[in-house]
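Chemist: My request is simple: use the sequences and hints to build the entire structure.
In terms of our numbering, the first sequence has 112 at position 8, counting the first letter as 1, and numbering is strictly consecutive.
Derived from the structure by calculation, the hints contain no laboratory data.
Check each hint, because a few of them may be wrong.
Beta-carbon label-pair distances, calculated as ranges [stated by the list, open to error]:
| id | residue 1 | residue 2 | range |
| --- | --- | --- | --- |
| 1 | Thr285 | Gly156 | 34 to 44 Å |
| 2 | Pro150 | Thr205 | 31 to 41 Å |
| 3 | Arg158 | Asp219 | 37 to 47 Å |
| 4 | His181 | Arg158 | 21 to 31 Å |
| 5 | Arg158 | Asp218 | 34 to 44 Å |
| 6 | Lys284 | Ala160 | 35 to 45 Å |
| 7 | Ile180 | Ser213 | 15 to 25 Å |
| 8 | Pro248 | Arg294 | 33 to 43 Å |
| 9 | Pro249 | Arg215 | 14 to 24 Å |
| 10 | Pro168 | Thr256 | 24 to 34 Å |
Even glycine gets a Cβ: it sits at the ideal position worked out from N, Cα and C.
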Amino acid sequence: MSRPLRRPFFARDVHAVAPDLIGASLFVDGVGGLIVEFEAYHHTDPAAHSYGGRTARNAVMFGPPGHAYVYRSYGIHWCVNFVCEPEGIASAVLIRALQPTAGVDKMRSRRGVDDEWLLCSGPGKLCQALAITRVHDGLALDAPPFTLHARTGDAPIEIAVGPRIGISKAMEHPWRYGLKTSRFLSRPFRS
DNA sequence: CAGTGGATGCTCT
DNA sequence: GAGCATCCACTGT
Numbered sequence: 105m106s107r108p109l110r111r112p113f114f115a116r117d118v119h120a121v122a123p124d125l126i127g128a129s130l131f132v133d134g135v136g137g138l139i140v141e142f143e144a145y146h147h148t149d150p151a152a153h154s155y156g157g158r159t160a161r162n163a164v165m166f167g168p169p170g171h172a173y174v175y176r177s178y179g180i181h182w183c184v185n186f187v188c189e190p191e192g193i194a195s196a197v198l199i200r201a202l203q204p205t206a207g208v209d210k211m212r213s214r215r216g217v218d219d220e221w222l223l224c225s226g227p228g229k230l231c232q233a234l235a236i237t238r239v240h241d242g243l244a245l246d247a248p249p250f251t252l253h254a255r256t257g258d259a260p261i262e263i264a265v266g267p268r269i270g271i272s273k274a275m276e277h278p279w280r281y282g283l284k285t286s287r288f289l290s291r292p293f294r295s
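Modeler: Shown next as structure tokens:
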């Protein structure tokens with residue numbers, strides 16, 4: 105049986121939530137799979153969008169946990185976060201990679217590529233594959249079109265940790281979390 | 001393999 | 001006007 109993830113799950117420290125979410129299943133209108141990679145962004149972190157205070161773009165980060173924060177990246181891509189911590193803290197985890205399990209052909213046509221590992225191996229790619237855009241910004245994660253369930257299975261999983269990708273501030277912190285054995289990561293973890 | 005640069009739109013200074 | 005929580009194509013080993 106799979107357990108839906110609701111608001112209390114997210115109302116904790118981002119660095120506790122991110123590893124707990126590895127292996128969780130995410131679907132948008134039935135298309136999705138298992139999340140294998142996250143990055144954590146705390147409001148005290150200069151690399152976080154919420155660091156400088158509330159703005160129009162990051163408003164959802166200041167709202168209740170368990171909601172989606174979607175923003176446009178480099179004018180081209182969309183990226184999706186899950187809001188964490190108690191309401192008002194303004195922290196979130198960025199979903200960076202996913203192992204496709206459902207709606208793979210739909211992902212292929214949306215992405216224009218065939219290889220499964222190229223469908224969702226990056227935050228912009230997975231939003232394109234799952235058709236996540238700004239219309240999803242602020243939506244609750246425990247209601248349609250989202251389906252978000254906890255990791256299933258008793259076997260322990262190995263979580264890799266490393267520096268975050270593509271940032272220019274606070275680069276020294278190892279706040280990227282991934283499923284060590286997965287071949288669907290956006291990039292391998294070093295050492 | 002590694003490194004570079006362009007596309008592109010929006011937010012914030 | 002600068003700077004992106006990116007991706008892809010291209011270059012040179």
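Chemist: Each hint: holds or not?
Modeler: Hint check:
1. For Thr285 paired with Gly156, a C-beta distance near 37 Å keeps the hint of 34 to 44 Å intact.
2. A C-beta distance of roughly 36 Å is found between Pro150 and Thr205, which places it inside the suggested range of 31 to 41 Å.
3. For the hinted restraint 37 to 47 Å between Arg158 and Asp219, the CB-CB distance of approximately 40 Å keeps it satisfied.
4. His181 and Arg158 have their C-beta atoms about 24 Å apart, which keeps the hinted 21 to 31 Å range intact.
5. Distance hint check for Arg158 and Asp218: the Cβ-Cβ separation is about 42 Å, which falls inside the suggested range of 34 to 44 Å.
6. Hint check: Lys284 to Ala160, Cβ distance near 38 Å, so the stated range 35 to 45 Å holds.
7. Checked against the hint of 15 to 25 Å, the pair Ile180 and Ser213 passes, with Cβ atoms roughly 19 Å apart.
8. Distance hint check: the CB atoms of Pro248 and Arg294 are about 39 Å apart, consistent with the given range 33 to 43 Å.
9. A hinted range of 14 to 24 Å holds for the C-beta pair Pro249 and Arg215, which are about 19 Å apart.
10. Range check, Pro168 to Thr256: about 26 Å between beta-carbon atoms, so the 24 to 34 Å window is met.
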